[in-house]
Amino acid sequence: MLGEMLENVRKNTPLIHNITNYVTVNDCANILLACGGSPIMSDEEEEVCDITTICGGLNINMGTLNTRTITSMLKAGKRANELDHPVIFDPVGAGASALRTETAKKLMEEVHFSVIRGNISEIKTLALGSGTTKGVDADIADKVTEDKLDEVVAFAKKFSKETNAVVAITGAIDIVADSKKAYCIRNGHPMMSSITGTGCQLSAMTAAFITANKENMLEAVAASVCTMGYAGEIAHKRLTPKDGNSSYRNYIIDAVYNMTPEMLEDGAKYEVR
Amino acid sequence: MLGEMLENVRKNTPLIHNITNYVTVNDCANILLACGGSPIMSDEEEEVCDITTICGGLNINMGTLNTRTITSMLKAGKRANELDHPVIFDPVGAGASALRTETAKKLMEEVHFSVIRGNISEIKTLALGSGTTKGVDADIADKVTEDKLDEVVAFAKKFSKETNAVVAITGAIDIVADSKKAYCIRNGHPMMSSITGTGCQLSAMTAAFITANKENMLEAVAASVCTMGYAGEIAHKRLTPKDGNSSYRNYIIDAVYNMTPEMLEDGAKYEVR
Amino acid sequence: MLGEMLENVRKNTPLIHNITNYVTVNDCANILLACGGSPIMSDEEEEVCDITTICGGLNINMGTLNTRTITSMLKAGKRANELDHPVIFDPVGAGASALRTETAKKLMEEVHFSVIRGNISEIKTLALGSGTTKGVDADIADKVTEDKLDEVVAFAKKFSKETNAVVAITGAIDIVADSKKAYCIRNGHPMMSSITGTGCQLSAMTAAFITANKENMLEAVAASVCTMGYAGEIAHKRLTPKDGNSSYRNYIIDAVYNMTPEMLEDGAKYEVR
Chain A
739 MLGEMLENVR KNTPLIHNIT NYVTVNDCAN ILLACGGSPI MSDEEEEVCD
789 ITTICGGLNI NMGTLNTRTI TSMLKAGKRA NELDHPVIFD PVGAGASALR
839 TETAKKLMEE VHFSVIRGNI SEIKTLALGS GTTKGVDADI ADKVTEDKLD
889 EVVAFAKKFS KETNAVVAIT GAIDIVADSK KAYCIRNGHP MMSSITGTGC
939 QLSAMTAAFI TANKENMLEA VAASVCTMGY AGEIAHKRLT PKDGNSSYRN
989 YIIDAVYNMT PEMLEDGAKY EVR
Chain B
739 MLGEMLENVR KNTPLIHNIT NYVTVNDCAN ILLACGGSPI MSDEEEEVCD
789 ITTICGGLNI NMGTLNTRTI TSMLKAGKRA NELDHPVIFD PVGAGASALR
839 TETAKKLMEE VHFSVIRGNI SEIKTLALGS GTTKGVDADI ADKVTEDKLD
889 EVVAFAKKFS KETNAVVAIT GAIDIVADSK KAYCIRNGHP MMSSITGTGC
939 QLSAMTAAFI TANKENMLEA VAASVCTMGY AGEIAHKRLT PKDGNSSYRN
989 YIIDAVYNMT PEMLEDGAKY EVR
Chain C
739 MLGEMLENVR KNTPLIHNIT NYVTVNDCAN ILLACGGSPI MSDEEEEVCD
789 ITTICGGLNI NMGTLNTRTI TSMLKAGKRA NELDHPVIFD PVGAGASALR
839 TETAKKLMEE VHFSVIRGNI SEIKTLALGS GTTKGVDADI ADKVTEDKLD
889 EVVAFAKKFS KETNAVVAIT GAIDIVADSK KAYCIRNGHP MMSSITGTGC
939 QLSAMTAAFI TANKENMLEA VAASVCTMGY AGEIAHKRLT PKDGNSSYRN
989 YIIDAVYNMT PEMLEDGAKY EVR
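From first to last, the protein sequence lines stand for chains A, B and C.
Mapping of the first sequence onto the numbering used here: residues 739 to 1011, in sequence order.
Mapping of the second sequence onto the numbering used here: residues 739 to 1011, in sequence order.
Mapping of the third sequence onto the numbering used here: residues 739 to 1011, in sequence order.
These are calculated hints, taken from the structure and not from any lab test.
Honestly, I wouldn't trust all of these hints.
Claimed, not checked - The calculated lysine-lysine pairs, modelled on DSS-like cross-linking and capped at a C-alpha distance of 25 Å, are: (1) A:980 - A:952; (2) B:899 - A:980; (3) C:980 - B:1007; (4) B:881 - A:749; (5) B:980 - A:749; (6) A:980 - B:980; (7) C:881 - B:749; (8) C:952 - B:975; (9) C:980 - B:749; (10) C:952 - A:975; (11) B:975 - C:975; (12) A:816 - A:844; (13) A:1007 - B:980; (14) A:975 - B:975; (15) C:881 - A:980; (16) A:975 - B:881; (17) B:899 - B:952; (18) A:881 - C:980; (19) A:813 - A:843; (20) B:980 - C:975; (21) A:975 - C:975.
Taking the hints into account, I'd like the entire structure generated from these sequences.
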């Protein structure tokens, strides 16, 4: 099932419009190519509607939010909605500044997102209107642990119902939920948090997965999250004693490039709750 | 001959002013250093003339075009023309949005470019005023194949005559032409298209080649295109089964760093038509 | 002593606000993670005060200066001063354009910097009000050689006294000085200058070192400079014949990731003058 999702990305080469931050944008482009998608980046208000129109899906990421691009995000999001293109929202740092929190709220009001992906602190900020984020990382108090899992699953399903979006909360355990069903995913490696932008990369890749699998959004997101996590495991095994986070970054993207549907089926570790 | 072009880059360390996109800018800077040039990036209207003045050449790339930097491109381009500095234009995504198509047209009218480098869809957009581009990649219908080669060579020569620029159309076969002579280059590897920004990197590197070889622009561009393609071949041979597009990216820049004039002479695969 | 500085970074995970350039920003984020810090990037005027407030330290880098972000730099700098957060200034390209020279001057007037780090040409520009910079590299005439060392040390101490900042002048020999004491550091490798942004990376990392060692700024900066230089040596030893500047970039960040306090104590090469 998840393998098929990846296969569809490879088959359809979805073209993804990214309005994203300048920190991790190169890695986002390369991971999109690695999974079988095709990236285009544009955040200029005067052209975003044109670009959204020629693409199949849209990825909006607030990582280096600035007032110039907020309008671009709104315009592109609305255009994508008109065209029935899948749209993913990565609310990087929601809760870290008033501007980010308010912009996230505004985007949620004016654009329908197919998927919302963030860490637990960011998603809580969106759901509750306020939150504590440790910069762009989740607050330790919020961390998703086994004993809190059912609670977080219920929260994710509820938020999915309210937003009519697939909700992906990523961390040590990843939760991918719609209003009725949640995938709890245990792929990945703790060292992934020592690389900047694995979350951004995941969002960009997920845009390709949902665009190539519009009829199966929930499974598409789960497949993308498993692909990223499993790539993190494969890449970690490849590390030599001299390697660190920079080589690890390359190896993860390499592992996505070399991932086959069969490998993904074998390597995905999840349960449904 | 082509080796000499590379030798001159290494000898002169041309300082290149880049007004380029934020997706591939780091790779552009590193490949400029790899070939023997020196990069500086600046897109602020208030300083571009100062920066152009202290540099030897200018690279203008529309990859993440925004209205703020269009004026910067025009100012820097005109200043470079005044100083008789070589200027290269990479019309990324021309045809993908009205803003890009119109900006490309405006730049072509107000700045004299020494070299115009793009994929066939982008160059057709510049030449014919309209085009179909698949985002930032060439449209399949446009792809340069052996049986269309003479036709495309004639088109490139004609466009060179009209613009008084060396025209470089890159793809499976690369064409580098002035009004009378065209290099048809068969270096490179298909996997290069799985890395973001090999085109941007080539344009940045070409800026260094033409700046260090002002009297031999056509050969300088051919040498740069062969260097990139041959580096792509060398890097591809270096790939292990676990490597993917991210390691490949590093290996290509590494291969440019290690390229000698002799290697380039041996590895360049071209014919003149 | 220097090892303890690194240990404190690892222990405290200082969160660093970076207002920096889009060329080397990804490497800055990854080296911050490698040394044990945590990065957040934000240059939007409307949110920089919020971001500065939740962080422990601030890194201001002029690499791709634009008029929109100058106000952000001033606001964030003043807010950091109010909160008594360490602030580092990297005056990239001061002297290369009037805008950069004037902006550097304005920042120096309105913000108190804990550390100023640049190449000798940039620091001379700040100290003397004018300078000659070869783009973003130091002018050859300015290069710090053994016979000029005492002179440059005296200059650094004097400039430190005037600015009440630790002054770090990096090059073949690095000088880290306050008004009374100067570390002359002989770590590093000439090939580091073939990578874009090793200076930017050093500044970002230094922000983490001073934030985790507020009571020992001078030693913290010296420790950071030694860490970077020694990582450059370790990474250079790891190079294979096919590697070039791109792999070298990865290996340096990897080496920082793997650096232990003990290794740093052993590898640091400095004298105090």
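Hints, verified against the model:
| no. | hint | result |
| --- | --- | --- |
| 1 | A:980 - A:952 | violated, 42 Å |
| 2 | B:899 - A:980 | violated, 54 Å |
| 3 | C:980 - B:1007 | holds, 22 Å |
| 4 | B:881 - A:749 | holds, 20 Å |
| 5 | B:980 - A:749 | holds, 22 Å |
| 6 | A:980 - B:980 | holds, 17 Å |
| 7 | C:881 - B:749 | holds, 20 Å |
| 8 | C:952 - B:975 | violated, 50 Å |
| 9 | C:980 - B:749 | holds, 22 Å |
| 10 | C:952 - A:975 | violated, 38 Å |
| 11 | B:975 - C:975 | holds, 23 Å |
| 12 | A:816 - A:844 | holds, 12 Å |
| 13 | A:1007 - B:980 | holds, 22 Å |
| 14 | A:975 - B:975 | holds, 23 Å |
| 15 | C:881 - A:980 | violated, 33 Å |
| 16 | A:975 - B:881 | violated, 40 Å |
| 17 | B:899 - B:952 | holds, 18 Å |
| 18 | A:881 - C:980 | violated, 43 Å |
| 19 | A:813 - A:843 | holds, 15 Å |
| 20 | B:980 - C:975 | holds, 23 Å |
| 21 | A:975 - C:975 | holds, 23 Å |
Violated hints, in rising order: 1, 2, 8, 10, 15, 16 and 18; the structure is consistent with all others.
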